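Protein chains: 2
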Amino acid sequence: MAIEHEPQAPAGTGRESTGHEGIGREPGAERISDAEYAVMESLWQRAPQTAAEVCDNVCATRGWTMPTVKTLLARLVTKGVLATEPDGRRFLYTPLVARNAYVGTESRRLVDRLFGGRAAPLFAHLAENEALSDEDIAEIEHLLRELRK
Amino acid sequence: MAIEHEPQAPAGTGRESTGHEGIGREPGAERISDAEYAVMESLWQRAPQTAAEVCDNVCATRGWTMPTVKTLLARLVTKGVLATEPDGRRFLYTPLVARNAYVGTESRRLVDRLFGGRAAPLFAHLAENEALSDEDIAEIEHLLRELRK
DNA sequence: CAATTCAGATTACATCTGTAGTCAGTGAGG
DNA sequence: CCTCACTGACTACAGATGTAATCTGAATTG
Numbered sequence: 001m002a003i004e005h006e007p008q009a010p011a012g013t014g015r016e017s018t019g020h021e022g023i024g025r026e027p028g029a030e031r032i033s034d035a036e037y038a039v040m041e042s043l044w045q046r047a048p049q050t051a052a053e054v055c056d057n058v059c060a061t062r063g064w065t066m067p068t069v070k071t072l073l074a075r076l077v078t079k080g081v082l083a084t085e086p087d088g089r090r091f092l093y094t095p096l097v098a099r100n101a102y103v104g105t106e107s108r109r110l111v112d113r114l115f116g117g118r119a120a121p122l123f124a125h126l127a128e129n130e131a132l133s134d135e136d137i138a139e140i141e142h143l144l145r146e147l148r149k
Numbered sequence: 001m002a003i004e005h006e007p008q009a010p011a012g013t014g015r016e017s018t019g020h021e022g023i024g025r026e027p028g029a030e031r032i033s034d035a036e037y038a039v040m041e042s043l044w045q046r047a048p049q050t051a052a053e054v055c056d057n058v059c060a061t062r063g064w065t066m067p068t069v070k071t072l073l074a075r076l077v078t079k080g081v082l083a084t085e086p087d088g089r090r091f092l093y094t095p096l097v098a099r100n101a102y103v104g105t106e107s108r109r110l111v112d113r114l115f116g117g118r119a120a121p122l123f124a125h126l127a128e129n130e131a132l133s134d135e136d137i138a139e140i141e142h143l144l145r146e147l148r149k
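Just so you know, the protein sequences line up as chains A and B, in that order.
Each step along the first sequence adds one to the number in our numbering, with nothing skipped, and position 5 is 5.
Each step along the second sequence adds one to the number in our numbering, with nothing skipped, and position 15 is 15.
Each hint should be verified, as a subset may be incorrect.
Since the list gives no way to pick out one identical chain from another, each pair is judged satisfied if it fits inside one copy or across any two copies.
Computed list of lysine to aspartate or glutamate pairs in DMTMM-like fashion (alpha-carbon distance at most 20 Å, straight line) [stated by the list, open to error]: (1) K149 <-> E139; (2) K70 <-> E106; (3) K79 <-> D134; (4) K149 <-> E130.
Keep in mind that the hints were calculated from the coordinates and are not lab data.
Remember, it's a predicted structure, so these values are computed and weren't measured experimentally.
Starting from the given sequences, assemble the full structure and let the hints guide the process.
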C-alpha cells in the first residue's frame, strides 16, 4: 500500500487502529517491557525528544544501535504510551503516561502479586534483606508521621 | 531415540544435566514468568504435588487445562526452580527456590528499576496511592521499632 | 493377557521481546 | 537540479511466554 509521506503515527496501528474501542484501551494499559522502560526513562527525564536524542541517552549504556531505539519507540507509540509530534522531518516523542502513574501501577502489581496486596510484608522483606538504608528508614518514619496526622 | 521408561527429569535436561555447573547456574537465576508464577504459588503452598494436583489448584482460577500446567511445570524444571521426584508413574514436584527468596529478588528488582534502589520512594508511592491500610501502617511502625534497636 | 487410561514427552503456534537490518522518501548541500 | 544523508517505515529473526494438542509408553483393570 502507498505510504503517506507525511509523518504519522509510526508502525503497526494494524489490528486496533479504529479507535472506537470503548473498553480496555486507556493509555498505559499495555505493559512496558524492560527494554522499553529504558526508553521511557529517557523521555521521562526530558521530553519531547527525537529518536536520535533518545539514542544518545540510552544507546551507550545499553549497547544499542539506532534501529533498536526506533523499534522500541514505535512499539511504545503503538502501545499508546508515547505521543508523536512531527517536527520538520522527524518526530518528537512525548510520554503519554506519567512516570508517576507507571511506577504506581508497577508497584501495585508487585504488591498484589507477591504480597497479597498488603504493603507491610513487602516492607518486612526489604527490611530483612537489609534493603533499607538508614536514610530510607528515616524517610519512612517521616512519611508515617505524615500519615498519622 | 529410545526413551527410557523410568521416570526421569522431565524435559530438556539437555545442555546442563551434568550437575557440575560452576558458574552462573545457581537455582533461581532464571526469571519466573507470570504464568509460571501461578504454578509456583501452588507449590509453595504445599509441596510436593503431582501435576494433577497443581492443576486442581490453578486450572480453575486461571482457566487452564492440564497440558498447560504440564508445560509450565516442565519449563520450571528446565529453569532449575523445580525438582522432580518419581513417585510410581508420575512425578512429584518440589520448589527448589523458597518463595521467600523469589519474592526477595523480585522486590529488589522493582526497587532497583523504579526507585533507584531506594525503598523510601516506593513506600512514598504506596502511601500516596492509599495502598497502605491502617494495619499496614501499624505493622510497619512495629518493624521500624525493631530496626531501631 | 488385552484394552483402556493416565502421565510425561514432544510438538505446535501465536504473540511478545530484544535487537537489528533494509527500504524509501525528503530536505539539504553542491 | 541532482545527489546524499538522515529519518521514519517495514522486515527479520531468535528466544521467551501463554496456551494447548498429540504421541507414546506404562500401569490399571477386567
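Going through the hints against the structure:
Within a single copy, K149 and E139 get their C-alpha atoms as close as 16 Å, and across copies as close as 17 Å, so both meet the 20 Å cut-off. For the identical chains of this complex, K70 and E106 are neighbours neither inside a copy (24 Å) nor across copies (29 Å), given an alpha-carbon limit of 20 Å. Proximity of K79 to D134 under the C-alpha cut-off of 20 Å is found in neither arrangement, the shortest distances being 39 Å within a copy and 36 Å between copies. For the identical chains of this complex, K149 and E130 are inter-copy neighbours only, at 14 Å across copies versus 28 Å inside a copy, given an alpha-carbon limit of 20 Å.
Of the numbered hints listed earlier, those contradicted by the structure are 2 and 3.
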